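Protein chains: 2
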Amino acid sequence: MPEAVILSQGNELTTGQTLDTNANWLATQLWALGVPVRRMITAPDRLDDLVDILRQAAELAPIVISTGGLGPTRDDLTAEATSLAFGTGLVEDLVAMEQIEARYARWGRPISPANRKQALLPTGCTVLENRWGTAPGFAADVDEARLYFVPGVPREMRPMFETWIAPDIQERHQIAPPVMHTVRVIGVAESALEEMLRPVQVDGLTIGFRTKLPENQVKLVFRADVPDRVREAAVAEVRGIIGPKAFGVDSGDLACEVGKRLVARGETLALAESCTAGGLAAWLTDAPGSSAFLLEGAVVYSNEAKVRMCDVRPEDLEAHGAVSEPVARQLAEGIRQRAGTTWGIGITGVAGPGGGSPDKPVGTVHIAVAGPEGTFHRRLQLPGDRHRVRQFSAAAALNYLWRGMR
Amino acid sequence: MPEAVILSQGNELTTGQTLDTNANWLATQLWALGVPVRRMITAPDRLDDLVDILRQAAELAPIVISTGGLGPTRDDLTAEATSLAFGTGLVEDLVAMEQIEARYARWGRPISPANRKQALLPTGCTVLENRWGTAPGFAADVDEARLYFVPGVPREMRPMFETWIAPDIQERHQIAPPVMHTVRVIGVAESALEEMLRPVQVDGLTIGFRTKLPENQVKLVFRADVPDRVREAAVAEVRGIIGPKAFGVDSGDLACEVGKRLVARGETLALAESCTAGGLAAWLTDAPGSSAFLLEGAVVYSNEAKVRMCDVRPEDLEAHGAVSEPVARQLAEGIRQRAGTTWGIGITGVAGPGGGSPDKPVGTVHIAVAGPEGTFHRRLQLPGDRHRVRQFSAAAALNYLWRGMR
Chain A
14 MPEAVILSQG NELTTGQTLD TNANWLATQL WALGVPVRRM ITAPDRLDDL
64 VDILRQAAEL APIVISTGGL GPTRDDLTAE ATSLAFGTGL VEDLVAMEQI
114 EARYARWGRP ISPANRKQAL LPTGCTVLEN RWGTAPGFAA DVDEARLYFV
164 PGVPREMRPM FETWIAPDIQ ERHQIAPPVM HTVRVIGVAE SALEEMLRPV
214 QVDGLTIGFR TKLPENQVKL VFRADVPDRV REAAVAEVRG IIGPKAFGVD
264 SGDLACEVGK RLVARGETLA LAESCTAGGL AAWLTDAPGS SAFLLEGAVV
314 YSNEAKVRMC DVRPEDLEAH GAVSEPVARQ LAEGIRQRAG TTWGIGITGV
364 AGPGGGSPDK PVGTVHIAVA GPEGTFHRRL QLPGDRHRVR QFSAAAALNY
414 LWRGMR
Chain B
14 MPEAVILSQG NELTTGQTLD TNANWLATQL WALGVPVRRM ITAPDRLDDL
64 VDILRQAAEL APIVISTGGL GPTRDDLTAE ATSLAFGTGL VEDLVAMEQI
114 EARYARWGRP ISPANRKQAL LPTGCTVLEN RWGTAPGFAA DVDEARLYFV
164 PGVPREMRPM FETWIAPDIQ ERHQIAPPVM HTVRVIGVAE SALEEMLRPV
214 QVDGLTIGFR TKLPENQVKL VFRADVPDRV REAAVAEVRG IIGPKAFGVD
264 SGDLACEVGK RLVARGETLA LAESCTAGGL AAWLTDAPGS SAFLLEGAVV
314 YSNEAKVRMC DVRPEDLEAH GAVSEPVARQ LAEGIRQRAG TTWGIGITGV
364 AGPGGGSPDK PVGTVHIAVA GPEGTFHRRL QLPGDRHRVR QFSAAAALNY
414 LWRGMR
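Chains A and B, in that order, are what the protein sequence lines are. Be aware that the first sequence starts at 14, since it is given in this note's numbering, and climbs by one per residue. Be aware that the second sequence starts at 14, since it is given in this note's numbering, and climbs by one per residue.
Mixed in with the good hints, there may be bad ones.
Given that identical chains are not distinguished, each listed pair holds provided it fits within a single copy or across any two copies.
[Stated by the list, open to error] Computed cross-link-like contacts, EDC-like style, restricted to lysine to aspartate or glutamate with a CA-CA straight-line distance of at most 20 angstroms:
1. Lys225 / Glu25
2. Lys130 / Glu208
3. Lys225 / Glu270
4. Lys130 / Glu207
Think of the hints as simulated: they come from the structure by calculation, not from any bench. Remember, predicted model here, so these are calculated numbers, not experimental data.
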């Protein structure tokens, strides 16, 4: 199997200003193709160093993927470095220029000289069209190696890899790509998953784990020659071992799956959020089409809003405090009643860092899900900082709704 | 100024299983010390490659920091690779063994042969005590370079860097760290900022740019010997050139700054969000203390909710549609009225990918800010996908509020 080198360029990476998620994402994709990564190299925007690194990378592996350095500013040195490293010279690439012009025309904006620089590419390279942004990518062949260059912006880099680079690697190296299934899990730690799945031994199956908070994922990678029925049986086995906390296989995230199930059942949802303050609503509506099931939400930070928007009883606020079971229940039931939805969710908690007490320390969260058969409630004590508490609160609420719908 | 190389070791990194946050953290720390990072290299657990990389690193820079590969398993090859790279041989280090023994004694656990392996270090190295875990670190001098080796577990690596490595680097290289200021900007593109600030030429000042959507940042890095008044004048000059869209210097993000200003003025805010659906509320409440100014929000996806929660007039919904100036204004004014806040924000738009029309294509967003002196409204045509339209809508709304408060 051919190996790969991943390059990441930019002073923002070597000064620590930006956490490089591209190299990790590419490593995961290459892993799924069965291509081992031999090295990941990050360099500042310095011409000499880039030249050295490009030469070294082309010697180390036949596949080199470089992200960053294709922008319009003078820090963006990738094309120049490639030209110097391999002695190709630079030329204004007509295909690239056409793509940039078409993009700006669609936007109705003029092209600056800086944007024009983005079409200056190494002579003889192949342009990789960027339909997701302005900077075109390119591929250059050096001896036995092919070097792929894409922008550092993840939302451009990722589709460019999927659309142009992955198929090209498969074709050039005649890789029969393995078949991968992703089991998506909420509420089970990675180490616990690893332990649970240790007994699963299938010839041609490699199991990997990824944490993508708030969920964990089990990656099942089957060699291309594993028969379908063996593969399907293994997926079913894994799903059976994990149980209902495995909410999907090759599916969207939990918010997507909850939304799909609500739509399929013709059901609707309304939210009353205190500590998550719109975070659950924003998550559910990340996916298009969410207006079919999410009718409304109330962000009820103040006690007055809890009373006015969700009919929480002032005497319960007084007696039990805003972070309490009765208030969570009344939030869920009140918003469900007002909105006339099938389901209502109420969340109230202490996200921190302030606001904790011995009784209700930071991380105390009450979640209620009101539905046709009554109201479910749970009190959680969540670890972590404010961000984590809010994220896990939203995930837990969706998890309860998901399981309540079964 | 001496430069540094950061090494990260482990198959979990090159297969994408684990996102490497160590290299980024170390880069930030080194940057704060004024030490430029010349390269960051990640390698799998493969002896030959590690030997090559260590030799290369020691030639590239006088400071090398390596994380990972110090554990008890046979994958942990760091000490062996160092010994091979520099021909030192390995020896059971008495200081290291004593530290491991003391630690296990405190835990009341027996020491396994695998743990004993962790004391097998390159001859002549200096042990770096690990008070936060079991694997000792070490430092080795090779020609002009000093190589530091620490475990990959962040909660061990970080205090080891702070306690042993950072002070050692400062002393050995007599470093005076530079002074940095960050100017935070909303609504000006990175390329435009670079263009605007080209005339700013100050001896000892380096200007960098960072995009952290939805904002852009200008990083002003001053050499340690630049006098305070020169530094302050340069910051003021940059701020003056950018104008009111520079919302802060060394400050929090726009949501933080809006929140701080509201609190300082004793003012309050309520939100009525349709297309952003809680995204603005969630953003404003990311920062602790937001309950002091954000009283409530309404996520009004359905028309019925717009009417019931914010008193939007049904006849205007009928006549102009939900994405329209009158509806945005009524959302802002209605929620402000109901919540009794100083300010109300209304957002309604077509986030896409569906729902567009010739009249109101995807990206059409109406934003209204209602305040003591009336209601401001703007119609925007935003580029990008659903996520981007929602993110920029929230940022634009805050930007209008920010400028309305002046």
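Same-copy or cross-copy closeness of Lys130 to Glu208 [CA-CA at most 20 angstroms]: For Lys130 and Glu208, the Cα distance is within 20 angstroms only across copies (15 angstroms; inside one copy 53 angstroms).
Identical-chain pair category, Lys130 with Glu207, by Cα at 20 angstroms: between (49 angstroms within a copy, 15 angstroms between copies)
Intra- versus inter-copy proximity for Glu25 and Lys225 (alpha-carbon distance at most 20 angstroms): between (24 angstroms within a copy, 11 angstroms between copies)
Within, between, both or neither, where Lys225 and Glu270 count as close if Cα-Cα is 20 angstroms or less: Answer is within: at 16 angstroms inside a copy they meet the 20 angstroms cutoff, but 30 angstroms across does not.
The structure fails none of the hints (numbered hints given earlier).
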